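Number of protein chains: 4
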Amino acid sequence: MSMDGLPKELERLVAEARGAGDWGRPADYIPELAKVDPAQVGVALCLADGTELGAGEADRPFSIQSISKVFSLAAVLGRLGDDLWRRVGREPSGTAFDSIFLLEHENGRPRNPFINAGALVTTDALLGGREPRQALSEIMHLVRAAAEDDDIHIDKAVAESEKATASRNMALLYYLQSHDNLLNPPEMVMGTYAHQCAIEMTCRQLARAGRMLAMLPGVPAMISPLRARRINALMMTCGQYDGSGNFAFRVGLPGKSGVGGGILLVAPGVASIAVWSPGLDGYGNSQVGTWLAERIAGYTGWSVFAP
Amino acid sequence: MSMDGLPKELERLVAEARGAGDWGRPADYIPELAKVDPAQVGVALCLADGTELGAGEADRPFSIQSISKVFSLAAVLGRLGDDLWRRVGREPSGTAFDSIFLLEHENGRPRNPFINAGALVTTDALLGGREPRQALSEIMHLVRAAAEDDDIHIDKAVAESEKATASRNMALLYYLQSHDNLLNPPEMVMGTYAHQCAIEMTCRQLARAGRMLAMLPGVPAMISPLRARRINALMMTCGQYDGSGNFAFRVGLPGKSGVGGGILLVAPGVASIAVWSPGLDGYGNSQVGTWLAERIAGYTGWSVFAP
Amino acid sequence: MSMDGLPKELERLVAEARGAGDWGRPADYIPELAKVDPAQVGVALCLADGTELGAGEADRPFSIQSISKVFSLAAVLGRLGDDLWRRVGREPSGTAFDSIFLLEHENGRPRNPFINAGALVTTDALLGGREPRQALSEIMHLVRAAAEDDDIHIDKAVAESEKATASRNMALLYYLQSHDNLLNPPEMVMGTYAHQCAIEMTCRQLARAGRMLAMLPGVPAMISPLRARRINALMMTCGQYDGSGNFAFRVGLPGKSGVGGGILLVAPGVASIAVWSPGLDGYGNSQVGTWLAERIAGYTGWSVFAP
Amino acid sequence: MSMDGLPKELERLVAEARGAGDWGRPADYIPELAKVDPAQVGVALCLADGTELGAGEADRPFSIQSISKVFSLAAVLGRLGDDLWRRVGREPSGTAFDSIFLLEHENGRPRNPFINAGALVTTDALLGGREPRQALSEIMHLVRAAAEDDDIHIDKAVAESEKATASRNMALLYYLQSHDNLLNPPEMVMGTYAHQCAIEMTCRQLARAGRMLAMLPGVPAMISPLRARRINALMMTCGQYDGSGNFAFRVGLPGKSGVGGGILLVAPGVASIAVWSPGLDGYGNSQVGTWLAERIAGYTGWSVFAP
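Chains as they are written, first to last, in the numbering used here: chain A, 1 to 307; chain B, 1 to 307; chain C, 1 to 307; chain D, 1 to 307.
Please note that the accuracy of each hint is not assured.
In silico lysine-lysine, BS3-like type, Cα no more than 25 Å apart, as pairs [what the hints assert, rightly or not]: (1) A/K163 / A/K35; (2) C/K163 / C/K35; (3) A/K163 / D/K35; (4) C/K156 / C/K8; (5) B/K163 / C/K163; (6) B/K35 / B/K156.
Some chain A residues flagged as far from chain D (calculated, every beta-carbon gap over 10 Å) [to be verified]: (7) K35; (8) L53; (9) W85; (10) G128; (11) P186; (12) R227.
What the hints contain is simulated information worked out from the structure, not anything from laboratory work.
Values in this document were obtained by computation on a predicted structure and should not be read as measured data.
Even for Gly, the Cβ is constructed at its ideal location relative to N, Cα and C.
Full structure from sequences and hints, please.
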């Protein structure tokens, strides 16, 4: 299919989104994020031929939040390989993103690396015995190299805001510790995690960073094809919290959402896509962003489940 | 990639599988299935160019059991369209295939159509106000037409055996009824479901029936491409019970398993694959079959998450 | 303490109850019970000196429902002794009366004989290999002998109404069967249970039947003192479903409620008390009945936790 | 009943207990407690006539651990009255003592003040805005005054040992904080709680302190009769964690256990009893202590459920 009409379609979709009556509500548990104007929408794509497209607020930086879990996972798999899976599972959770229930049921081994408990274990593993700044530096290096853009930074105010309201995550960390599934002090892991979540990127930067997962031609080879495929599989089954099955059904592409309103989508071999709109649905995924992702997938026919 | 070496590789994999020390254990809760010799393995593929391959016990009929959920789902979506989703969700369950826990938590709306509770609702919806034989005839028609083979039958002894040991499913049915999510009498739905699960197919027949989901060229168009894609998405996120995430991670293809030991796999646009070996792993999925699926995906490079 | 003022106080409390703004709502899942006028209240007491007191609708028959679990438990302990406890636990459930969750968690052994699952096992044990009418006859004999009143009957219309809306209990029964914790066919146990629940008694009859648990002097010795004490203990910890702790805290006496609006209370050695008002609170216990029980306990100072 | 034979019976029971083959295992999650020799048993009673009895290691101090929850509850009810119940429930939990599951299910309101989460809220409420030493001083004052013995102290080594292994409790505290059900910093509450649990008492001291709950004549009136009754009710329904129902069934007296192996029992108006033996059963209650409690209740006939 020719993608000649895609730029125009993106503009059209952004315009339609801007007319949305219901934008959802920005995450309110992190004060810095609650301040964001919900009536914003952006999108950017990187195609296999090197074309980059953008529409709406494609160049406005936002807090990537849980999308950072993809990058910390990629980094830690690079360091530890499959050893990580002794500490974290690979199954959808069937519960909310910050639930502690299944953690109890499964003796402190989080179901997957994209629920908070699993992401905290991932960050703990990335820390190893190192200082937080070393682990963060490794993530930042990976993200910048993948995006081929050094102008990507951590928003310290957001990190501090998250640390100050981190009771639930601290509970998860102590719970993991009680099951001997935490190597570093809870506060240290929490601080590292809060900073990693506070990475700011634009849709354009995020789409570029996602090219390594889409395995687009001519892109810096940050991770092996097998690893990229497996991360995509995890994004497909676990990337949208308890809305993952529905997202796979409606959109048909691996994706990872963040409570900052961003979603990174991967069409392997074809495109890397970033959408952003700060208002969230009941599962904690961007409401307008999910709609936009579905419409782009519908227009282009991109679906890993299609021929 | 040329598939010239594939026939030989299939023979090699089957030979390697036959040397397996641990075949897993056949389902023991259905007496008729418990009798099956576990030391069997079969595989069949249909490729996009019309080639059909087979190795091992590719022509030995087995009880497809839960794989029938794919066909009843396809049939009922054809009758009801998206109305079904008012009664069943599309999310992985995070629990065992016959768990009643989440059913309680979610007020009688099963998480997805592939856990038992959801499949029972699907069969109930397919029944509508009709007689069991009419619903069964509709499923059989779909399966036979998709496989282009009329020699596919229901094993009555297996159906009776399943009905006689159906306490857990009867509990689910009455529970659904108590939540007004059952239209027909529990016994009627149970009887229909037991018969649908007792369909016998060979790997070759199953691979042929799966072509409609793989959307291979020149195959009878039983369902629309959008519907096929969506069923594939459900197979990816929910097809292997509480082992679905791991299956997606390791195999990278949508699949649906049955406690008879069969697995149907879909490589959209490329191939339809059926593997069979009666011994099960701890999740209720074929142990050697899962291994075989992973090896075939590894050899061919087929993965929906690859370029 | 002299109880001379008690008759007058009962009249006063009934009058105050009649002015209640909120009577709660009668059980609506059994159609026959839903018809009952909620604006009714009755109370009866049997004291250690043989005095019997009554106020309000003390002589109006009502459906004792789950209060019958006390009598079937007494009967089955008489038949089986402590063997019953291999099939049923003695712990409060921490969940609603008809929950299936903990049943799954504990492999089909109900937490106690007063949640529905446990009462169904109790009735199943009472049946042994006998006909329903034999088991029912045993319960009726016990109740009539304890109350020294043969004019106690089963309301067949209520029994049929309950059987017709028994999906949840049927689910529990099949679930118990799937765990090999049911000896008789689910339908047979359900029928027996529905009839046992449909016993009709007046407050006066119920208070008289309760004298065996209060171990009042000169009362027919239906059960041993040790057994009476233990049944009282179960009533204290499990008798009001998920409101048992609060009832113990507020009232301080063992009690067993039924969704017909009755509550049987036991002040060991001192009094047997029956209250009735059909409207229920959120736990399924009589709203005005609970209030009345608390006020009577407050006035008399009867509490097993007092000197 | 004459209690003349009781002293001899206590000696006999202690001798029989000393011959026990299986003492259970001391709590191993607090290193200081794990060191205790399990083959010890002590008992002390205070009777209504002022008699004090003891046998075995009645004068050996042990760590009262969770029994302190009774004293902190009494103290905080004295300060706050029924306001506490807005933050804590009064229902048995149906789960293990340190479970986090129901806390999630009930939005951060612990089921009762005797599971860890509820006891932490109780200590938090006792702190108010004060320093830990002020709250601890209040508890110590209450315990010493109730026992009429100033020689009761906190074992600092045990407190430090508990703080050092407090991951699970820290998880509960942060979880409570995330539900706005914690007023003070988690570390401060944890420190206070660890010290309160580390109070050391002998059986004799504990039995004396329990006289206020038994409301024995001539005992210092630390709390009102209504409050004593209500605390007894909570001990009855929730005092032995998930073994409370069974304890009520077997022993018939309100009791509160601690993982140090002590149990405080209350026979209202009749006696206050303390038993101690460090080995625990599967619920975390003293194994030999529970046996001893049951035998004493059996010998004396003391049961709140008896006439």
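Do the hints match the structure? See the list:
Between A/K163 and A/K35, the direct Cα distance comes to roughly 17 Å. Compliance with the 25 Å bound is thereby established for this hinted pair. Proximity of C/K163 to C/K35 is assessed by CA-CA distance (about 17 Å); at most 25 Å being required, the pair is judged to hold. A distance of roughly 39 Å separates the Cα atoms of A/K163 and D/K35; the hinted pair therefore is violated under the 25 Å criterion. Only pairs whose Cα atoms come within 25 Å are accepted, and C/K156 paired with C/K8 is rejected, the gap being roughly 37 Å.
Between B/K163 and C/K163 the CA atoms are separated by roughly 23 Å; this keeps the pair inside 25 Å, and the hint holds. Straight-line distance between C-alpha atoms of B/K35 and B/K156 comes to about 15 Å, which keeps the hinted pair within the 25 Å bound. Non-interface status of A/K35 relative to chain D is upheld: no Cβ of that chain comes within 10 Å, the nearest being about 21 Å off. Separation of A/L53 from chain D is adequate, the least Cβ-Cβ distance of about 41 Å exceeding the 10 Å criterion.
With a cut of 10 Å on Cβ distances, A/W85 stays outside the contact zone with chain D, its closest approach being about 23 Å. Under the 10 Å C-beta cut-off, the non-interface status given to A/G128 relative to chain D holds; the minimum distance is some 20 Å. Its beta-carbon lying about 8 Å from the closest one in chain D, A/P186 breaks the requirement of being farther than 10 Å from that chain. The claim that A/R227 is not at the interface with chain D holds, since no C-beta of that chain comes within 10 Å of its own (minimum 32 Å).
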